[in-house]
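**Q** Below, each chain spelled out in residue letters.
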Amino acid sequence: MSFNVQFVGPVKDLVEKVVVEYYLPTPITVQELIDFLISRYGTKFEQEIYTKVPPDNVFFYQILINGSNIYRFKGLQTEINTGDKVLISIPLAGG
Amino acid sequence: MSKFDFGKVLQIDLTTGQYSSRPVTEEEIYNYMGGRGLSAKFLYDLTSGEEEPLSPQNPLIFGNGLLTGSAAPCSGRYTVTAISPLTGGFGDGNSGGFFGPEMRYAGYSHIIFLGKAEKPVYVYIENDKVEIRDASHLWGKDTWETDTFIKEELGDLEVQVACIGQAGENLAKIACIINNLTRAIGRCGMGAVMGSKNLKAVAVRGHGGVDNVDLEKTFEILSETRKLAETDWSFKLFGTHGTPGLVDVYNSRGVVPVKNFQKSWVPDGEAEKISGDTFLKKYSKKHKACYNCVIHCSHFYEVEGSHKEEGLEFESIGALGPRIGVIDYPSILKANHLCNRYGLDTIGAGDVIGFILEVYEKGLISNEEIDGLTLNWGDNQLAEVLLKKMSYREGLGDLLAEGSYGAAKRIGKGSEYFSAHVKGQAIISCDPRGLLGWGLAFAVASRGADHLRAHPVVEYIFTPERAKEIWGTEKAVDRTAEEGKGKLIKWCEDVRALADCLGVCKFFTRTAYLLPEQLAKLITPITGISLEASNLLHVGERINNLERMFNVRRKFDRKDDVLPERFAKEAIPEGPSKGMTIDVSNMLDDYYEARGWDIATGKPTQDKLKELGLDEL
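Chains as they are written, first to last, in my numbering: chain A, 522 to 616; chain B, 42 to 658.
Think of the hints as simulated: they come from the structure by calculation, not from any bench. Be a bit skeptical, because a hint or two may be false.
Stated by the list, open to error - In silico DSS-like cross-links for lysine-lysine, where the CA-CA straight-line distance does not exceed 30 Å:
#1 B:K619 to B:K649
#2 B:K268 to A:K533
#3 B:K600 to A:K533
#4 A:K538 to B:K327
#5 B:K327 to A:K533
#6 A:K606 to B:K314
As the list claims (entries may be wrong) - Only some residues are given here: those of chain B computed to face chain A with a beta carbon under 8 Å:
#7 Y501
#8 P617
#9 S626
#10 N627
Every residue gets a Cβ at the ideal spot worked out from N, C-alpha and C, and that includes glycine.
Make the full structure from the sequences, and use the hints.
**A** Next up, the structure:
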């Protein structure tokens, strides 16, 4: 299976690419993808992705699959399927 | 312990040249705080609902927030309020920089301009001294020239100037007011109202200050909130990229309008050309900050061989870039610069250019009506030509100066379909089809399509658990779900109103001061006013209801709380939000219910008004 991951925000600088294409023998969950990225890009990536903000200590990055937040599915246990477009982004808006 | 002084309300009648002042009362502070809220109260009381926006009967109110110019972080904001010539309803704009604090140091919380000067004037205020000065020699000058001339004339480079350019003089309905050369009271056409009064500029100089009632406690709270803010990525990203960093964020969700909302996504290879990274690496020279700002989201940038200035926001990139088919930074930056100098709202200007390009493409306007121009998407030189025309109301520019809604009304032939507006105000560079909460916010905002009335960033940054706790449903933070959006937007509007009343930047009140509990902690040591978070939310709700009643008096109701038909009929054709549409009617019911307004008419009920102490309206 194959899928791609787009990085928006400071994680992009850690990965040094905007979009990365992954080829794997079997489907994985978002949590497994995050674990893999941490093992691949180290503690800086981990610290970045797990940035927390008071008062409710949210997981600060947003993960979208094909444009929809993983909260709509099974959160970090959502399975990534072949052809999916995963977005890992700082959760900003404004203007 | 010193006593907090919010300053005086100065009222200047430009018709007679008479002026008077009085202190702000405690009751006014408790009920409306200051800034936008108190200005709304003044505007309501000074009008009857019948006034024409560009007539002498429309008051123009400069208002400082309760904390403007104080030790509070990012407290450089002031608001200008009047009946909007764009919408015919409640209008205001809010700006940073240094004008508001200087007005405060001169001793004023609010300055109300009434009537109309017989000839062009500017008003110079230095502490208690108020002078109405001839501005005939400044009429026709752009905002930069005006700022410079006034400082030279007064022999004081520390004078802060808020002025209009040619667009305001010629009553372009998308004209803004500029202070500090590049800071704009951008929305609602406040520049046109100023022009209609023959008021070219307001120059202020103050030698006073703002005392903190409890200095030690103030520093303690400031230190605490700064630490909170530093944990938030928006704080960090805005401190490096500023809002241009949002190009990637919005585009990755497929909500950046392209060619007047025909599409909403810039393909990845192209998007890089207008990304925040590209701006930072190629054009930005250094960071810039407004008064007492700890974020410094602004930049000083330079385009080699063209110009240099401060600023550039995501909204200007979007409006003067992809919205008109332009993916080229030098062109966008030049257009942004010209908007600053002519005194044009970049959002309104980009919107009307995109509109005219599309109606021309659709054959709704003839070659004879476009001054011999070639109107093509992505023409890097076109904006420069059209911005000048609309600022001077020359030829086609007279049509464009009306904004897309006004232009569509003149053109007819179904061109209204292509105007991306709510209540006559242009929608920002963010497609509501892909962000339902934002879409509802645009539909109900008191000043027409607007993101800053609600600024619902919590739709992204709150967890579903947190959403359920506050609004009763996890779906409230799902951008694709309608459920819970009514309560979400009501809460956001009430909280954001507080930022506007306090004169504190929304970029700070989206982080450490996001919650009213934290805001309450900040207000007390500076002002001595003891307030609970619930009191603050009550004030926010009162202000939103007051503005609603202002619009109700001017015949607005549920029928006006709609998004353009296009967004319900045409799905986003490609990109991450492909297939999405928006129809706000269901969310509107929820919103009215959350507000305690009549669902059929969208009008506040008597019970709600009574609860808020507004039953005399």
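**Q** So, for every hint listed, does it hold in this structure?
**A** These are the hints, each one checked on the structure:
A distance of roughly 40 Å separates the Cα atoms of K619 of chain B and K649 of chain B; the hinted pair therefore is violated under the 30 Å criterion. A threshold of 30 Å between alpha carbons decides the hint, and for K268 of chain B with K533 of chain A the separation of about 25 Å falls inside it, so the pair holds. A hinted pair counts as satisfied when its Cα atoms are at most 30 Å apart, and K600 of chain B with K533 of chain A does not qualify at roughly 44 Å. Straight-line distance between C-alpha atoms of K538 of chain A and K327 of chain B comes to about 25 Å, which keeps the hinted pair within the 30 Å bound.
Between K327 of chain B and K533 of chain A the CA atoms are separated by roughly 22 Å; this keeps the pair inside 30 Å, and the hint holds. A hinted pair counts as satisfied when its Cα atoms are at most 30 Å apart, and K606 of chain A with K314 of chain B qualifies at roughly 22 Å. With a cut of 8 Å, the hint placing Y501 of chain B at the interface with chain A holds, because the nearest CB-to-CB distance is about 4 Å. At about 4 Å, the closest approach between the beta carbon of P617 of chain B and any beta carbon in chain A falls short of 8 Å, and the interface hint on this residue holds.
Because the beta carbon of S626 of chain B sits about 23 Å from the nearest beta carbon in chain A, more than 8 Å, this interface hint is broken. Proximity of N627 of chain B to chain A is violated relative to the hint, the smallest CB-CB distance being about 19 Å (cut-off 8 Å).
In summary, the numbered hints that this structure violates are 1, 3, 9, 10.
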